[in-house]
Structure formats: C-alpha cells, structure tokens
Amino acid sequence: MRRFLLFFVVSAVALSCASCRRAAERAREKIRLEAVEQVAPRGLSGVDVTLRVANGSGHRLVLESAEFDLYYEGSRAGGVTLREAVEVPKRTTLSAETRWRLRIADPLACFALVRRLRAGDPSRICVSYDVRGHGGPVPVHLAEEMVPLSQFLRTFGLSIEDLKNYLG
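Residue 99 in our numbering sits at position 99 of the sequence shown, and the numbers go up by one each step.
The set of hints was computed from the structure by calculation and includes no laboratory data.
Keep in mind that the hints are not guaranteed to be accurate.
Claimed, not checked - Label pairs and their calculated CB-CB ranges:
# : residue 1 : residue 2 : range
1 : 124       : 89        : 36 to 46 Å
2 : 119       : 141       : 28 to 38 Å
3 : 124       : 90        : 39 to 49 Å
The C-beta atom is built at its ideal place from N, Cα and C for all residues, glycine as well.
Input sequences plus hints: build the corresponding full structure.
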C-alpha cells in the first residue's frame with residue numbers, strides 16, 4: 001500500500017509539472033513582439049521606441065524593468081535601461097511607447113560596434129540583459145550574460161537587416 005501511495009504521489013507531481021510546462025509554452029505562443037514601429041532619439045541620452053505587442057493571453061503583462069548592455073570584443077560599449085514600466089492588457093494588440101536611457105561606456109567601442117552593424121557583421125558583438133516583470137500573478141525574470149547578438153535577435157524574430165534599418 002505504501003509503495004502504491006508513493007508511486008501515485010510521484011506520478012501526480014510529474015504530470016502536474018508537465019502540464020505547467022505546456023501551459024507556459026501556450027502562453028509564450030500567445031505573447032509576441034510583432035514589430036518595432038518607430039525609433040526616435042530623445043536628446044543625447046535617450047530614445048523612444050514604439051513596439052507593436054500582441055498579448056493573446058488571459059493575463060495583463062507588465063514589464064517593470066529592463067536593462068541591456070552591448071559588448072564589442074568583450075569590452076562594454078554601452079547599454080539601454082527602460083525608464084518607465086510598460087503594461088499590455090489581456091487579449092489585446094497595441095503599440096506600446098517605451099522610453100529608454102542610453103549609456104555609452106566606451107565611445108570608441110560604441111563607434112566600432114555601430115560600424116560593424118552597418119556593415120552587417122554581428123560577430124564579436126554580444127548582449128547581456130536583465131528583464132523583470134510579471135504576466136498576471138506570475139513574476140518573470142529573464143537574465144543572461146554575453147549572448148551573441150545574432151542569437152539574441154533571433155529570440156525576438158529580428159535580423160541584422162532589421163537592426164541596420166533602425167540605425168539609419
């Protein structure tokens with residue numbers, strides 16, 4: 001009897017974990033960044049970015065903080081930090097206006113990085129990020145260090161060509 005009860009409990013836990021994973025995958029399919037609609041400089045240290053976001057889930061999404069750092073050949077060139085929280089209501093598609101603060105850590109590395117991007121060569125460029133928010137009652141924290149730029153862009157369905165267009 002004990003062995004049967006232990007088997008039942010272990011099976012129930014395993015099945016519930018699998019269903020949570022499927023639920024997370026379904027939610028991920030319903031939430032997507034559809035486009036970067038506009039990038040507008042704001043003075044010398046800021047930029048406004050309008051993003052088209054689709055939230056097909058049944059939960060309100062809130063992006064509380066986000067920080068991205070760009071590295072060129074292992075040296076930090078600069079980064080951007082989200083200045084204000086962004087909210088996307090449930091079951092909507094909208095254009096979310098976001099405001100970012102620019103930081104330039106190494107002007108020469110930043111210049112070399114932009115030249116590489118305009119030439120279409122993302123090699124030797126990496127991204128580190130730290131994103132926090134929540135989808136409904138579930139907190140979300142995504143962070144990774146030194147991700148190659150091409151891999152980072154694929155995560156959001158973007159290409160080097162898209163990035164070149166935003167740089168002008």
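A quick look at each hint next to the structure:
With their beta carbons about 40 Å apart, residue 124 and residue 89 fall inside the hinted range of 36 to 46 Å. A hinted range of 28 to 38 Å holds for the C-beta pair residue 119 and residue 141, which are about 35 Å apart. Taking 39 to 49 Å as the suggested C-beta distance range, the pair residue 124 and residue 90 conforms, at roughly 41 Å.
Consistency with the previously given hints is maintained throughout, with no hint failing.
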